[in-house]
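Build out the structure end to end from the sequences listed, making use of the hints.
There are 2 protein chains.
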Amino acid sequence: MKQAKLIIADSEKDANLYYATQFLAPDSFIFVQVDGKKILLMSDLERDRAKSQAKVNEVLSLSQWIKKAAQRAPRGSSFLAAVDLLLKEYGVTSIQVPSNFPLMHGDELRQCGYEVQAQNDPFFEERTIKSEEEIQKITQTQRSTEQALEAAIQIIASSEIKDNFLYAHGQPLTSELIKKVLNVSLMGFECVAQHTIVAGGKDAVDPHNEGSGHLRAHEPVVIDVFPQSAKTRYFADMTRTVVRGNPSDKVKKMYQAVREGQEIAFLRIKDGVDGQAIHEEIMNYFGSIGFDTGEKDGRMQGFFHGTGHGVGLEIHEPPRIGQSSWILKTGMVVTVEPGLYYLDAGGVRLEDMVVVTSTGVKNLTQAPKVLEV
Amino acid sequence: MKQAKLIIADSEKDANLYYATQFLAPDSFIFVQVDGKKILLMSDLERDRAKSQAKVNEVLSLSQWIKKAAQRAPRGSSFLAAVDLLLKEYGVTSIQVPSNFPLMHGDELRQCGYEVQAQNDPFFEERTIKSEEEIQKITQTQRSTEQALEAAIQIIASSEIKDNFLYAHGQPLTSELIKKVLNVSLMGFECVAQHTIVAGGKDAVDPHNEGSGHLRAHEPVVIDVFPQSAKTRYFADMTRTVVRGNPSDKVKKMYQAVREGQEIAFLRIKDGVDGQAIHEEIMNYFGSIGFDTGEKDGRMQGFFHGTGHGVGLEIHEPPRIGQSSWILKTGMVVTVEPGLYYLDAGGVRLEDMVVVTSTGVKNLTQAPKVLEV
Chain D
1 MKQAKLIIAD
11 SEKDANLYYA
21 TQFLAPDSFI
31 FVQVDGKKIL
41 LMSDLERDRA
51 KSQAKVNEVL
61 SLSQWIKKAA
71 QRAPRGSSFL
81 AAVDLLLKEY
91 GVTSIQVPSN
101 FPLMHGDELR
111 QCGYEVQAQN
121 DPFFEERTIK
131 SEEEIQKITQ
141 TQRSTEQALE
151 AAIQIIASSE
161 IKDNFLYAHG
171 QPLTSELIKK
181 VLNVSLMGFE
191 CVAQHTIVAG
201 GKDAVDPHNE
211 GSGHLRAHEP
221 VVIDVFPQSA
231 KTRYFADMTR
241 TVVRGNPSDK
251 VKKMYQAVRE
261 GQEIAFLRIK
271 DGVDGQAIHE
281 EIMNYFGSIG
291 FDTGEKDGRM
301 QGFFHGTGHG
311 VGLEIHEPPR
321 IGQSSWILKT
331 GMVVTVEPGL
341 YYLDAGGVRL
351 EDMVVVTSTG
361 VKNLTQAPKV
371 LEV
Chain E
1 MKQAKLIIAD
11 SEKDANLYYA
21 TQFLAPDSFI
31 FVQVDGKKIL
41 LMSDLERDRA
51 KSQAKVNEVL
61 SLSQWIKKAA
71 QRAPRGSSFL
81 AAVDLLLKEY
91 GVTSIQVPSN
101 FPLMHGDELR
111 QCGYEVQAQN
121 DPFFEERTIK
131 SEEEIQKITQ
141 TQRSTEQALE
151 AAIQIIASSE
161 IKDNFLYAHG
171 QPLTSELIKK
181 VLNVSLMGFE
191 CVAQHTIVAG
201 GKDAVDPHNE
211 GSGHLRAHEP
221 VVIDVFPQSA
231 KTRYFADMTR
241 TVVRGNPSDK
251 VKKMYQAVRE
261 GQEIAFLRIK
271 DGVDGQAIHE
281 EIMNYFGSIG
291 FDTGEKDGRM
301 QGFFHGTGHG
311 VGLEIHEPPR
321 IGQSSWILKT
331 GMVVTVEPGL
341 YYLDAGGVRL
351 EDMVVVTSTG
361 VKNLTQAPKV
371 LEV
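Sequences listed follow chains D and E, in order.
Position 273, counted from 1, in the first sequence is what my numbering calls 273; the numbers after and before it change by one each time, with no gaps.
Position 72, counted from 1, in the second sequence is what my numbering calls 72; the numbers after and before it change by one each time, with no gaps.
Since the hints were derived computationally from the structure, they do not count as laboratory data.
Treat each hint with caution, since some may be false.
Cβ pair distances, simulated, as ranges [to be verified]:
(1) D/2 / E/165: 37 to 45 Å
(2) D/107 / E/165: 49 to 57 Å
(3) E/162 / D/259: 55 to 63 Å
(4) E/212 / D/10: 18 to 26 Å
Derived DSBU-like pairs (lysine-lysine); straight-line CA-CA distance at most 30 Å [said to hold, decoys possible]:
(5) D/51 / D/231
(6) E/180 / D/231
(7) D/55 / E/202
Here a beta-carbon is modelled for each residue, glycine too, at the ideal position from N, C-alpha and C.
Now the structure itself:
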């Protein structure tokens, strides 16, 4: 039984395919890994560019292989016939595909007689362990993110307070404006920021609410930015929470608790530790000081998301530090982002990115943590 | 046999899921359409936001359904057990899934006894026909694109020529700089432009090469911009080709031919016409005036991509105007983008977006077409 790995996807959307080939294309193409060789079947449109850019052993012409396959036994979708022919030439009988491999292609390949097995993530185990070069790329994106965030927080810090609302240059200071400042300045660093969160008040109690409208004084504003470098394709991810004016005692305590939550993670994370245990310890700590989690008044409140996730070519990738078991390993890059959310206080979240080491963590995030601005 | 539609994906990446729910989330969630009802199974993190934002009939708690399912028959992946339970409560026996539905989930659902059928695109037939509102959103993105492009072309037009290279304010004018101008100004319009193409010389002979380095005078620069509105999620797509200085006779002829190619499409496109016939007519026209297509000197040259593609929530979506048959219908929004590429001359491409009507086309693109700037 000879095995091959097969991906059929576009590498714009599919990080595994980009990881395997280092080649970006907006339309589906075919990747086969067999006998230690990486092979692409490319359309005429992309063939020449793939030849010069893709980090693979061979770039074949899809149209030529389709012709070849059609001469032998015309049937089914023509491009899968080309894949079939290529796999048969290598004597492949069993195919490993990623968990997101399309059912439609899987069915057709099984009809051709292959054993097709979808693998759980990570498809390439080594993708969870970042090389020095990858860590450098993530750090680069992070530095740009910090510069953009600093400018955004500066605008909030220098805003005026009138009737409990914020104003900049006499104009209402809105979530939308701060988001635009962040996204435009990140684009200036060739980083693409989407769905940036600048959420005050009740908006921030939904951790994925992007926030909208006029920002208020004296209540926490959660700023969560997670751009992807257009050049290197690596993401960064960070969150800060600030209050312009005077935070309530509850918000101050929440902020302090979230900082402590981060410290628990920084102390516990190291090679060989289970992320789940860390997540539970933070959850228990929050509970022990009165910050309970659960549904209240028809809304989830407390700490109801994971403590962290891997960051790399995807913004959310393995491992997770959360409710499922996951052993952390040296070289993983993960976020540490506990948060607390209550309808009567708003949201507080702090997020740094760290590299797991044999002895602990290396924090890639340099931005200060200051609640009152 | 009762049938349901099922999507398991994240709506950031999956346009069908966003189309069906109008709800954006970065992590996978579950969509079921049964008995004319749209139902979501959402994580605790996203449930409240989905309740307020998603255009569906019901938002269920995934964690509660997982618990319910575990009490009955614990097995397999817990979230699919929840899907199974929900489908059984509705008496579903057959599931329609999109072509990109993950094989892994498909296999597990089949083990639960369902007939699972992957559908060819378009999964929602109605997605190819744009409503007035959708056309307005696409047009909005297009207007921002035109403004950004005008600024970029202005920089090229006002550049200085020294030793056959372009300079702006005494600095070398590069592809990278023009791309940054385009991408940053589009972000100012809340449009996310990625992989913008500003390609001169041989770069432009690969239609998907983004271009790099110092731009030259007297040779064509292909500028292809295709941003997505961060607000509406709708894309626009346009291409212009300019020469600063004096284009060669061949380039002038290529430009004229490509304009004629567009005109052929504008004349032919209307409700009921097959896109393939239009593509072939343009290809034949190019051949008839000496612009042949094929491999030469180890490179594809001539006109070796499609004439157009649908634009909407994805930059490339059905229909296609190209080598395969596709009947165009009133309300489809498609690009018209013939191009010619030769190693001894460079690349020329022009691209407009049009709406198919019962009598012809309505061109959504207003930007002028001027070769020499």
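Status of each hint after checking the structure:
no.	hint	result
1	D/2 / E/165: 37 to 45 Å	violated (53 Å)
2	D/107 / E/165: 49 to 57 Å	holds (54 Å)
3	E/162 / D/259: 55 to 63 Å	holds (57 Å)
4	E/212 / D/10: 18 to 26 Å	holds (22 Å)
5	D/51 / D/231	holds (19 Å)
6	E/180 / D/231	holds (12 Å)
7	D/55 / E/202	holds (21 Å)
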